[in-house]
Amino acid sequence: MSRFTEDNARLAKEIIGRYPRPRSAMIPLLHLAQQQSGYVTNDAMVHIGELVGATSAEVYGTASFYEMFKFEPVGKYLVNICGTMSCALMGSEELMHHAEHKLGVKVGGTTSDGMFTLEHAECQAACTEAPCLQVNYRYRFRVTPESFDSLIDDLSAGRLTAEIPDHGTVAKVLQHIPADRGVGAVPPESVTEAPEWLNGKAAL
Amino acid sequence: MSGTYAHAPGFIAGDRPKIVTSRFEYEDSYTLRRFLATDGYQGLRAALGRAANEVHDEVKSATVLGRGGAGFPAGTKWGLTPQGVYPRYLVVNGDESEPGTYKDRLLMERDPHQLIEGCLIACYAAGLSQCFLYIRGEMALAQERVAAALNDAYAAGYVGKNILGSNFSVDIVLHWGAGAYVVGEETALIESLEGNRGMPRLKPPYFPAAIGLYGQPTIVNNVETLANLPWLMLNGAEAYTAIGTKTSPGTRMVAVSGHVKRPGVYEIINGITTFRDLLYKEEFCGGIRNGNQLKAFVPGGGSAPWFTEDQLDIPFEGPQAGAAGSMLGSGAVMVMDETTDIPAAALTLTRFYAHESCGKCTPCREGGTWLERILSRVVDGKGTMADLDQLIEVGTSICPGDFPHASNAKLGISAVPFPYKMNTICFVGPSAYAPVNSALVLFREEFEAKIVKRNTIPVTAVGAAS
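Those protein sequence lines, which keep their order, are chains A and B. The numbering of the first sequence is my numbering, which starts it at 1 and goes up by one. The numbering of the second sequence is my numbering, which starts it at 1001 and goes up by one.
Only true hints are included.
Here are the computed lysine to aspartate or glutamate pairs in the DMTMM-like style, where the Cα-Cα straight-line distance is at most 25 angstroms: (1) A:Lys-106 x B:Asp-1380; (2) B:Lys-1161 x A:Glu-189; (3) B:Lys-1203 x A:Glu-189; (4) A:Lys-70 x A:Glu-6; (5) B:Lys-1018 x B:Asp-1313; (6) B:Lys-1261 x A:Glu-146; (7) B:Lys-1261 x B:Glu-1282; (8) B:Lys-1261 x A:Glu-93; (9) A:Lys-172 x B:Asp-1152; (10) A:Lys-201 x B:Asp-1057; (11) B:Lys-1360 x B:Glu-1393; (12) A:Lys-70 x B:Glu-1194; (13) B:Lys-1161 x B:Glu-1144; (14) B:Lys-1453 x A:Glu-93; (15) B:Lys-1382 x A:Glu-93; (16) B:Lys-1161 x A:Asp-180; (17) B:Lys-1161 x A:Glu-14; (18) A:Lys-172 x B:Asp-1028; (19) A:Lys-70 x B:Glu-1144; (20) A:Lys-172 x B:Glu-1144; (21) A:Lys-172 x A:Asp-7; (22) A:Lys-13 x B:Asp-1152; (23) B:Lys-1360 x A:Glu-58; (24) A:Lys-13 x B:Glu-1144.
Calculated from the structure, these hints are not laboratory results. Treat the numbers as computed from the prediction; the structure is a model and nothing was measured.
The whole structure should be built from the sequences, with the hints applied where relevant.
Below, the structure written as structure tokens:
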């Protein structure tokens, strides 16, 4: 099943409703699709196009621009080792060699059991804790060959499933705007007046 | 080490005024409970107790400089929206991905309510009727913390309809990115938020304040910029400008990484703290690791031309850094000690920008790739002297004229001040050349050595072990 499930279709509509124009929900919906299948399927892109009013080619056009979206299955755990300057200065190249050896794949490859995909990543915004890596976008700091090995062993043994969800899950907490609290989004052309509070008086 | 918190890895406190990191000492700093117990949403209450234009004036008179890279004053930016055109939007730039930079991530993970409060103050002051909080896709924890904070803030009446019972109503929508450095450029951010490929828009218009999201006036502010507003509303512009200098008031967060004893994120005094303070003082990084010598440092994120010890006494004051040939950018300092293989280090940055080029402008798309390939060849010991000229020629086709660089007493060269001219829409292309040019100007002999001794010496790793 690679179109949205009923639950996800409902969530997709909720997300679309937050934006003045439906197409703005494109990237969040692509994440939702990736969460559902582990990667972005063609059927999901067709479905997203129907939901936001775009052709499937336009959806793919957007999706293919962004690094995080995968169009074929990847490992259960996507291991991204940073290789930009701060990490490189602290030995990320050696760490990558070690990782290739430990996992038995070259950078870009997936282990034969489908557990791990190893990628070279660009700056992950943890530069003082170099070298760093992310597993499904969860950080590990100041990684040594030893700590890398125990990370892989723990992941293989299923000891980190509570902390690190399967590939595709971006955030474990999602925003929900309660119907009675939300202002609601309207298309820009339906607003012409200044907001009420711009009346020269204090709001409180 | 004192002032480090296990729950906030990377952040190092210290005994200095704290405007945006005041809650980092609490392990539960991201909860609504802790936030409310530490003046949370009081800045919003103070703002709503005044007319919107007065709040805007207060922010203008505090000269809150944008903390994303360009350093443009937030109050002035808000004022660039055309009169009488509505709706206007706020887009929060939390797509932090400049090499070396991370402060927005900490602010989102450690104090999401402070950011939300800042967004609300901005929306109130500038009449912005909806806010989109764009968080970098790879920052899962930041997304979770901000989502939870928004859910709590909605439930408690701080966000949404009739905030605090007033006529001020605004939604804050959390939006995920999906991995693209160029989306940090504000018009690319807007394209991405409209569901498109994140490519920068042709200028003019120079500011999305005129034509932005859905063609409407749009303010794009950085996370740290907005995080300053609650404190400013509570304490006033006078207290804010009492910290730092007249032209660079307040504090700013700076990440120092690389070969220093205590790499970390510090909240420093704007305009006053110097690079020497930051790199060598015990309260900051405590010097270069292993007693080594400083070779060079990147003063303002991967895009910034490099400094050496000649520039250590420059304070965090934009115009001074600019006159010296670089920029303060996004508050990221990357330090290289004497063991660093300079051409290889430059390659790690050039590769980044070549990889992140969106492909819209030819000089960047082609030029960045050329720079990466030629530089790779040189680093691998397979280059020729002609390659060095070729690097400069390619760089000059991205940025015509003299590219900014620092002065150097030993080499007898004087500075070429910032900024550069560019043949591209945005800064990604020039950024691919910045490290190459700096490295070539300051350390040309290292490139020549790799060429002259081609293949006869092993190519050392970028960061030698000691």
